[in-house]
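Here the structure of chain A is known, so what remains is to put chains B, C and D with the ligands in place on it, guided by the hints.
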Amino acid sequence: MIKLEDVTVIYNNKTIGIKDINLEIKKGEFVGIIGSSGGGKSTLLKTVNLLVKPVKGKVYINGKEITDLDIASLRKVRREMGFVFQDYNLVERASVLNNVLMGRLGYLSSFQSFFNLYKDSDYTLALQALEEVGLEDKIFVRADRLSGGQKQRVAIAKALCQQPKIILADEPVSNLDFKTGEIIMNYFKKINEKQKITIVINLHDVNLALKYCHRIIALSKGQLLFDKKTGEVDDELVQKAYS
Amino acid sequence: MIKLEDVTVIYNNKTIGIKDINLEIKKGEFVGIIGSSGGGKSTLLKTVNLLVKPVKGKVYINGKEITDLDIASLRKVRREMGFVFQDYNLVERASVLNNVLMGRLGYLSSFQSFFNLYKDSDYTLALQALEEVGLEDKIFVRADRLSGGQKQRVAIAKALCQQPKIILADEPVSNLDFKTGEIIMNYFKKINEKQKITIVINLHDVNLALKYCHRIIALSKGQLLFDKKTGEVDDELVQKAYS
Amino acid sequence: SKEKEEVIVMGFVPMRDGDKLIESVEPLAQLLSEEIGIPVKAFTATNYVGVVEGLGSGAVDFGFIPPFAYVLANSENNAQVILTALNRDGEPHYRSQFLVRKNSGINRFEDIKGKRVAFVDPSSTSGYLFPAAHLKGLGFDLERDINYIYAGGHDKGLQLLLNGDVDVATTSVDIRVRFKNEFPTALEETEVLGYTDYIPNISVTVRGDMKEELVEKIKRGLLNIAKHPEGGELLKNLFNIYGFIEAKDSDYDVIRETARLMNIDLRNSK
Amino acid sequence: MMNWYKRHIVKGKIQSLLTGTIIVILLIYSGYMVKWDFVKIYQGIPSMYNLIQRMFYPNFAYINEVMTKLLETLEIAFIASILGVFLAIPMGLLTAANTTPTKIFPVLLNPLFSLLRTIPNLIWAALLVSLFSIGIFPGIIALTITAFLVSLKLFREHIEGIEENSLNSLKAVGANSWQILGEGILPIIKEHLLAVFFIVLEINIRSATVLGLVGAGGIGQILWRDLNHLRYDNIATLLLILFITIGFIDLLSLVVRNYSKKIHINFNNLGRYIFFTRLARFSIPFLVLLSVIYIYSKIDLTFARFILGLEQGQTMILRMTRLDWSYLPQTLKGIKESLFITLFATIVGGINTLFLSYLAADNVSPSRGLAITTKFIINILRTFPPIITAVIFFRGVGPGPLAGAMALSLYTTGVLTKLYSEVVENTHGNIKDSILVVGGNNLHCYRHGIIPQTLPNYLSLLLYRLESNIRTSSILGVIGAGGIGSLLTQNITWRNWEKVGLLLLSMALLVMIIDRISYLIRKIFV
Ligand SMILES: Nc1ncnc2c1ncn2[C@@H]1O[C@H](COP(=O)(O)OP(=O)(O)OP(=O)(O)O)[C@@H](O)[C@H]1O
Ligand SMILES: Nc1ncnc2c1ncn2[C@@H]1O[C@H](COP(=O)(O)OP(=O)(O)OP(=O)(O)O)[C@@H](O)[C@H]1O
Ligand SMILES: [Mg+2]
Ligand SMILES: [Mg+2]
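Just so you know, the protein sequences line up as chains A, B, C and D, in that order.
Residue numbering for the first sequence follows the working numbering, starting at 1 and increasing by one per position.
Residue numbering for the second sequence follows the working numbering, starting at 1 and increasing by one per position.
Residue numbering for the third sequence follows the working numbering, starting at 1 and increasing by one per position.
Residue numbering for the fourth sequence follows the working numbering, starting at 1 and increasing by one per position.
Only chain A is shown next, with the shape it has when bound in the complex (with noise of 0.2 Å):
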């Protein structure tokens, strides 16, 4: 579903995001990516999706390669994708409401979005998407008026109201406190199992990525420190990945 060869990304010709990874993630998978700070984590999630463009390598969805796709192309395969941006990245001054029902904009001609002529279903889909991170209440308030865990929650409702076929969560719980972060990630185990949508998921809490994913990549320095399935990963190789 997911492949990179060979990719790596530098920033401004001088930072190294990653480095020569090369990765298969299959439909229906739950793959947890770990590592330490400024290990590449996020550059990896957005490569995937090419907001970062590749120096070097191939990305590939669906066996097809996406890297040197042009721009309508690309709008279809993203609008499949959720993405959860680890600073949220919502239109401020826009309502909840509003950025959440940008998840169906991919499904929008031109000129529909220009008159935000939404359908009555895309509605339906975003009050759906609320209600599971449990923001319905806040669904005609302002975003810059929410607090972290609200925002953070906004973002992961725009995602799902995309019924994407992937989801990328970078930190999708970092801001928020352990009971509603439960509530996420079994939402996301639910779907990942149901409707076998495929997770990929940045998250420093090492725990939680032992606790729900099948699968778990560690990064660190920009490169691929190991690729093993849960079962497989002990403290050692935690403290590893860290290192």
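Just so you know, these hints were derived from the structure itself, not from any lab.
C-beta: ideal position from N, C-alpha, C; glycine also.
The reader is advised that the hints may include incorrect statements.
[Claimed, not checked] Ranges of calculated distance between the beta carbons of each label pair, as one might list FRET restraints:
1) A:Ser109 x B:Asp68: 38 to 44 Å
2) D:Ile284 x A:Lys189: 52 to 58 Å
3) D:Gln15 x A:Arg145: 15 to 21 Å
4) D:Lys6 x A:Arg145: 19 to 25 Å
5) A:Arg145 x D:Tyr29: 53 to 59 Å
6) C:Glu189 x D:Val255: 51 to 57 Å
7) B:Glu232 x D:Leu17: 42 to 48 Å
8) D:Val255 x C:Asp141: 30 to 36 Å
9) B:Asp68 x D:Ala97: 46 to 52 Å
10) A:Phe226 x B:Leu237: 37 to 43 Å
11) B:Gln223 x D:Ile517: 38 to 44 Å
12) A:Glu193 x D:Lys11: 52 to 58 Å
13) A:Phe111 x D:Tyr29: 41 to 47 Å
14) C:Glu143 x D:Leu354: 32 to 38 Å
[Stated by the list, open to error] Chain D is nowhere near these chain C residues, computed Cβ spacing over 12 Å in every case:
15) Arg88
16) Phe109
17) Glu110
18) Arg116
19) Asp141
Quick look at chains B, C and D with the ligands alone, frame taken from chain A:
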């Protein structure tokens, strides 16, 4: 050292931030605040240095009421309190070094700060703070070119650079892997013990709170749920905090 | 261009150096339209450029425009002058003056050499074209013999003179009377060094392709209104016009010559 | 779907429909009031074309004279822009709602500056000539005032648009207002600051007609002269050179801004870093100091003369305060005339701007070529002074407000698109990213990310244009459509200060009322 008397914060005349909070924190305490997302933790912290103004109640620092202080005096109070924002709030277009140096602004005259005339000792402090959080190699990088965890550490370094008497930290390790997070928390513990710096910290991770704090305060829907010594907090209480 | 219009469009451009601010052209349009039996639509513009262009394209049928504008309209679009307005003294022309401070030691034009002179602005006929031509005629080389600036207004020229910022100011006659409230000392403190040639008054100009018959109608109409007691009063009070005389193109040759002397290149279509 | 939810969605749709309808009604009504007439415009095309044709043959022999004047103007405009922009920075800080040390400043100063902005150049000229006589010095002062007022307006809006959080982070360390400015705001608005500087420089060059009024000559004066002599070949030369100059300034602005974005690279030790940051800071006052010295060298005035001028200026202002109420009927008539032209032009320009900015802004434009082409067209629209377009349209459609409304619409489109597309270009990449990831295209990013995020900026730019359009409408007096503006011009020429006072007051009131109404509308809908 910090005392809140009957403090209520209401946003936009509508949303309750915190309600009727009474609280006293002594010098040298290490207090953790927990509670579910949207519970009022950030609001409480921001009320202590009056970044949000209460509609009711009084805030005392060192026995002096600061609720109606004029700006100049308030500035003097604030410069002794380091604040780590939940969303970091860095000046994204400035370098890491400049962001950290901002911690010294409270001690500079307008003239000095305009010409960037930080003292040599300020530079030393900034460098020390950056070393403490492990970011000395990113010192000249623009803040918007950092990873999530790196930004968070810059925010912490900035607060440290203030050489504060009180540190108010809003989820300061939410985007850090457990190893880096531990380094930061241990450092907090060290300065708390050695220099008797009062620390009030919002944590969504209860285990961290239980591990480091002397005292745990739980908020729920803006109200004080409990305020106990760490030893007295059992599982049942924790469950209650997040229900 | 267009034939037989059911409405005649009249443009009015007050002269910047005239004595009066034009309030409303409506009553004049009303009278004229009664007089010639065709509806007249009137408007005032602050500058002649629009009106002259309108005369060229047919958007304007006839206009009250300053003499220099007539010359332009004539050479660009073959517009024709039919009448010239008369002033308070019944004359069809006016002139501008050179003002100096009393006791300034400037008693003759030769004394101006090396002094600071304020013209009005480079596009003003009475404030620049004629006075500058006058000096040129006396043998002055403007760039070398005097030190000139543009004041930006007749009033400002006077003010600069009074303040001692310049030694000579060229203004319309007589600016000191018109602004006696603003500059009460002007009449005592300054004197007239000399005058320029006469400049024709405001002209009534029709577009070039107007039918002779209509031209005649308008001309008669305006002349009648001026004789009419009510109409005469109106012209006097609103526009400071004391009557008209018939005009011919050659009355404006003085403008053409002056322009030529000042190297202003008027396109000549004749 | 649940009922409350459905209700809200419907309510939202009704609200946008209502907003749309109000705009359309306003547009149609003001279109009706300016006598919009497609047939007339269509029929007038040959006449308009005829005049444009006369501009097809620029008089290249004229370039020499133009260049001399242009350089003269540039020199003055440059110095004035530096000063104006520099003065506007602290003043912007004092008057922006989110940075002011006390709420009194915005309350007192903002109306004052609005009032000052409505004061036409002619009045400044009259005052300055009284105070400082005539020449380059009052010329610089005149342009500095323009630069100051314009950039102050732009800054203030921009500062108010800065998110509270980034300011809070400075407040939290105990920084004072100046420190917040230096450390928090300047870095954020650095690119904007440069953009404003270049915009102001450009405005100064183009509005250099003021210079003629204070005896400093410049390019404005010869443009006016050539227009008065109907020398369209010369005008074409002038416009061509102006166009190139503006294009060049644009390019320079782009290069400098891009450079300033990248300036952070390549420091390898602390000493160098400190040295360069200090150098950067010191260069600002140094530049200002140089300008001040330059200006000082241009003063040609005795103290006694200045005192004399002070008295004259004082009488002038005193007389303005004695409002001549008998002039009220004409004033109201003038307001009515200007209001609809201005409203029409602003709405048309505002709508065009939303579309054209999408095409012109680098970060959202469908293609690079389109962006460049649009910018090119925009620059042409901006280069043509409204007075010349007005004369062109007048040839086609004759007297009445229509020609003026058309001319002003084009100009507004040009200026507003330039300003807003720069706002769009300066938005943080995050906003775009947030929509790209869901499979949105650039139009989606623009419509759903950037517009909502920059709506306050857009509205304030729109209001700013509305305000200046009321002022600009005075030059439409040339074609008999000047409204209150040309009344003002005439009365200033006649030194009827009492009437001028009344006219000014009503213009200021008009602007404030419009401001208030749009504020209320904003509150309801945004
Ligand atoms: N600027 C604001 N304007 C309006 N309402 C706000 C604002 N900031 C917070 N709120 C609201 O106040 C309540 C408390 O928010 P607060 O940020 O204190 O929560 P929190 O406990 O920090 O949550 P989290 O763990 O998600 O950060 C929430 O309901 C939130 O939506
Ligand atoms: N926009 C950018 N420009 C330049 N360098 C960047 C940019 N974003 C990230 N980097 C650098 O690339 C490296 C990898 O960053 P990345 O964000 O992928 O780390 P991460 O593993 O997500 O870390 P964290 O856990 O702290 O979020 C870091 O050194 C970072 O400083
Ligand atoms: Mg990251
Ligand atoms: Mg919070």
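Assuming the hint says 38 to 44 Å, is it satisfied by the Cβ distance from Gln223 of chain B to Ile517 of chain D or not?
Holds, since Gln223 of chain B and Ile517 of chain D (Cβ atoms, about 43 Å apart) stay within the stated range.
Can the suggested window of 32 to 38 Å be confirmed for the beta-carbon pair Glu143 of chain C and Leu354 of chain D?
52 Å, violated
Chain D versus Arg88 of chain C - minimum CB to CB distance exceeding 12 Å, so not interface
18 Å, holds
Does the Cβ pair Gln15 of chain D, Arg145 of chain A satisfy 15 to 21 Å?
At 19 Å between Cβs, range holds.
Determine whether the Cβ-Cβ distance between Glu193 of chain A and Lys11 of chain D falls within the hinted range of 52 to 58 Å.
At roughly 39 Å between Cβ atoms, Lys11 of chain D and Glu193 of chain A fall outside 52 to 58 Å, so the hint is violated.
Taking the beta carbons of Glu189 of chain C and Val255 of chain D, is their distance inside 51 to 57 Å?
56 Å, holds
Cβ distance range 46 to 52 Å for Asp68 of chain B and Ala97 of chain D, holds or violated:
21 Å, violated
Satisfaction of the hinted span 19 to 25 Å by the C-beta atoms belonging to Lys6 of chain D and Arg145 of chain A:
Between Lys6 of chain D and Arg145 of chain A, where Cβ atoms are some 24 Å apart, the hint holds.
12 Å cut-off, C-beta based - Phe109 of chain C kept clear of every residue in chain D:
23 Å, holds
Just to be sure I understand the hint, the distance between the Cβ atoms of Ser109 of chain A and Asp68 of chain B should be within 38 to 44 Å; is that true here?
56 Å, violated
Regarding Phe226 of chain A and Leu237 of chain B, is the given constraint of 37 to 43 Å on their beta-carbon distance met?
39 Å, holds
Holds or violated: is the Cβ of Asp141 of chain C farther than 12 Å from all Cβ atoms of chain D?
Its Cβ never comes within 12 Å of chain D, the nearest being 18 Å, so this holds.
In summary, the structure is inconsistent with hints 1, 5, 7, 8, 9, 12, 13, 14 and 18 from the numbered list given earlier, while agreeing with the others.
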